[in-house]
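Work out the full structure, taking the sequences as your base and the hints as a guide.
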Amino acid sequence: MTPRWRVWLIGILAIAVIIAGIYFPILKKHLRQTKQAPAVSEEQARRELTQTAPANTGGPVTKAKLFWSSGAGDGSLMPVSVELPLSKDPTLRAKQVLNTLLAGPVDAELRTLPPDAVLLALYLLPDGTAIADFSEALATSTPSGIESEQMAVDSISKTLEANVAQVRWLKILIHGQEVDTLAGHLDLTRTFLVNAKAAPMIAAAPSANSANVGWSADAATNGKATPVAPPRKAAAIARKLTPAIPPGKLTQPAN
Amino acid sequence: MLDPAHGGTDLGARGTGGIRESEIVLQFAAQVRTALESMSFQVMDTRQGNENPSFDDRSAIVNAQRGAVFVSLHVASTGLPGTVRVYVMSDLPGVTDATGLIPWERAQGPFVPLSRRFGDIVQGFLAQRFKGSPRTAQPAAVRQLRTTAAPAIAVEVSSVSVEDRNALDRMAPGVADAIARGASAFRPLYVVAAVNPGDRP
Numbered sequence: 001m002t003p004r005w006r007v008w009l010i011g012i013l014a015i016a017v018i019i020a021g022i023y024f025p026i027l028k029k030h031l032r033q034t035k036q037a038p039a040v041s042e043e044q045a046r047r048e049l050t051q052t053a054p055a056n057t058g059g060p061v062t063k064a065k066l067f068w069s070s071g072a073g074d075g076s077l078m079p080v081s082v083e084l085p086l087s088k089d090p091t092l093r094a095k096q097v098l099n100t101l102l103a104g105p106v107d108a109e110l111r112t113l114p115p116d117a118v119l120l121a122l123y124l125l126p127d128g129t130a131i132a133d134f135s136e137a138l139a140t141s142t143p144s145g146i147e148s149e150q151m152a153v154d155s156i157s158k159t160l161e162a163n164v165a166q167v168r169w170l171k172i173l174i175h176g177q178e179v180d181t182l183a184g185h186l187d188l189t190r191t192f193l194v195n196a197k198a199a200p201m202i203a204a205a206p207s208a209n210s211a212n213v214g215w216s217a218d219a220a221t222n223g224k225a226t227p228v229a230p231p232r233k234a235a236a237i238a239r240k241l242t243p244a245i246p247p248g249k250l251t252q253p254a255n
Numbered sequence: 001m002l003d004p005a006h007g008g009t010d011l012g013a014r015g016t017g018g019i020r021e022s023e024i025v026l027q028f029a030a031q032v033r034t035a036l037e038s039m040s041f042q043v044m045d046t047r048q049g050n051e052n053p054s055f056d057d058r059s060a061i062v063n064a065q066r067g068a069v070f071v072s073l074h075v076a077s078t079g080l081p082g083t084v085r086v087y088v089m090s091d092l093p094g095v096t097d098a099t100g101l102i103p104w105e106r107a108q109g110p111f112v113p114l115s116r117r118f119g120d121i122v123q124g125f126l127a128q129r130f131k132g133s134p135r136t137a138q139p140a141a142v143r144q145l146r147t148t149a150a151p152a153i154a155v156e157v158s159s160v161s162v163e164d165r166n167a168l169d170r171m172a173p174g175v176a177d178a179i180a181r182g183a184s185a186f187r188p189l190y191v192v193a194a195v196n197p198g199d200r201p
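Residue numbers (my numbering), protein chains in the order written: chain S, 1 to 255; chain R, 1 to 201.
Keep in mind the hints are simulated off the structure, nothing from the lab. Bear in mind that the values here come from a model prediction, so they are computed numbers and not experimental data. C-beta atoms are modelled at their ideal positions from N, C-alpha and C, and glycine is treated no differently. Honestly, I wouldn't trust all of these hints.
Among the chain S residues that face chain R by a calculated CB cut under 7 Å, a handful are [what the hints assert, rightly or not]:
id : residue
1  : 87
2  : 140
3  : 141
4  : 143
5  : 145
6  : 147
7  : 185
FRET-style restraints, in silico, Cβ to Cβ [what the hints assert, rightly or not]:
id : chain 1 : residue 1 : chain 2 : residue 2 : range
8  : R       : 95        : S       : 131       : 23 to 29 Å
9  : S       : 189       : R       : 51        : 19 to 25 Å
10 : S       : 103       : R       : 169       : 55 to 61 Å
11 : S       : 61        : R       : 64        : 39 to 45 Å
12 : R       : 189       : S       : 199       : 41 to 47 Å
13 : R       : 9         : S       : 131       : 27 to 33 Å
14 : R       : 97        : S       : 106       : 48 to 54 Å
15 : S       : 196       : R       : 191       : 31 to 37 Å
What follows is the structure in structure tokens.
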């Protein structure tokens, strides 16, 4: 190698060292920032992909009423007004309000649903039954207990009642499946009454399964759901403490 | 019939201080048993150790008894510490199928009014002892109650979030006394229909 080439080579190497010297601290800083960023869970990542952005619906901005915890510690809920561009389509509208409910209030202490839970799908049947399919996090991350589980279902039910006039019933699925309980206590095999006076979608009677069971949220004054007014038969029974007819024998449990 | 909820691998609610619902309810059940027996009640349990019978297994035990009342014991994850709530099944109309049998899945149906009355009585006694507790029983779709063919309530104590487990232990005698007093006050109201001579036992 001639002395001239040697000078060139040394010069190029020196320039490379200077560039590396400048770039290395930047790279180090970038790595440190990446490490400090909160880890995004699989559920959160899925939510980002599946959630409908409220701003994309094109609907006028209206005040939605969302029900989160009142903070009283007694299981009661409190309505909070949130401005959202709500869609006129009841299914989209229901998705919007439930996704906003899942996103949580400003004060995280007032959440009623786990932060990792995702609304995977929502269907609105012609009889007004909303089938809400949530990710497994709703079951695994809701605090176990009758009060906390009821509060979770109440918040969904009352939020739908306040914002989507067409929803009459609510059925909750976990990852596409019917499950026995939410987190060990609250029965999710049943359909919950959201609004007995729901606006009709089409003339169709509720299914036999859902017609007799549920909670009514409209009589609640403290945010708690109450049982539906007893139908004819139950109202008659309510006057007596002992059933007039002996209950008889039970069928075997279904396996 | 006392039902300490959960058990086995199902620990129920868990507190940060290592408090487990499945263990606490066993201790509560022991005290409730003592209080009830002192009032001449015959007491049975759905579990006595660390096992976890299914919802239906627990219901099967009580449904085989005549004139029983069912008390399911729970400790919440949330709620005002030091309060106790009684839950009864929200409306579930009593129905029979074509054969005249009560569907197992709706066994609580005919007993809802009785359960509500029993729950209100017990909650009334609890409210006297534990400030901040509601005055009447709350309706809730508790899975365990749905398949129970007897007046049935769920009693939930708040909560596993207490830092000191002794705080819960100190509540046990009061809870036991309120349940026993409630059962005693309810007894005259609960008239079990007489069995016809022709009926099978």
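Results for each hint:
1. 87: violated (30 Å)
2. 140: violated (13 Å)
3. 141: Status violated, d = 11 Å.
4. 143: Holds - the Cβ of residue 143 (chain S) comes within 7 Å of chain R, reaching about 4 Å at its closest.
5. 145: Since the shortest Cβ distance to chain R is 4 Å, the answer is holds.
6. 147: holds (5 Å)
7. 185: It holds, given that the least Cβ distance between residue 185 (chain S) and chain R is near 6 Å, below 7 Å.
8. R:95 / S:131: 23 to 29 Å: holds (24 Å)
9. S:189 / R:51: 19 to 25 Å: At 24 Å between Cβs, range holds.
10. S:103 / R:169: 55 to 61 Å: Since the Cβ atoms of residue 103 (chain S) and residue 169 (chain R) sit about 40 Å apart, the hinted range of 55 to 61 Å is violated.
11. S:61 / R:64: 39 to 45 Å: violated (60 Å)
12. R:189 / S:199: 41 to 47 Å: holds (42 Å)
13. R:9 / S:131: 27 to 33 Å: Distance hint for residue 9 (chain R), residue 131 (chain S) holds at roughly 31 Å.
14. R:97 / S:106: 48 to 54 Å: holds (51 Å)
15. S:196 / R:191: 31 to 37 Å: holds (33 Å)
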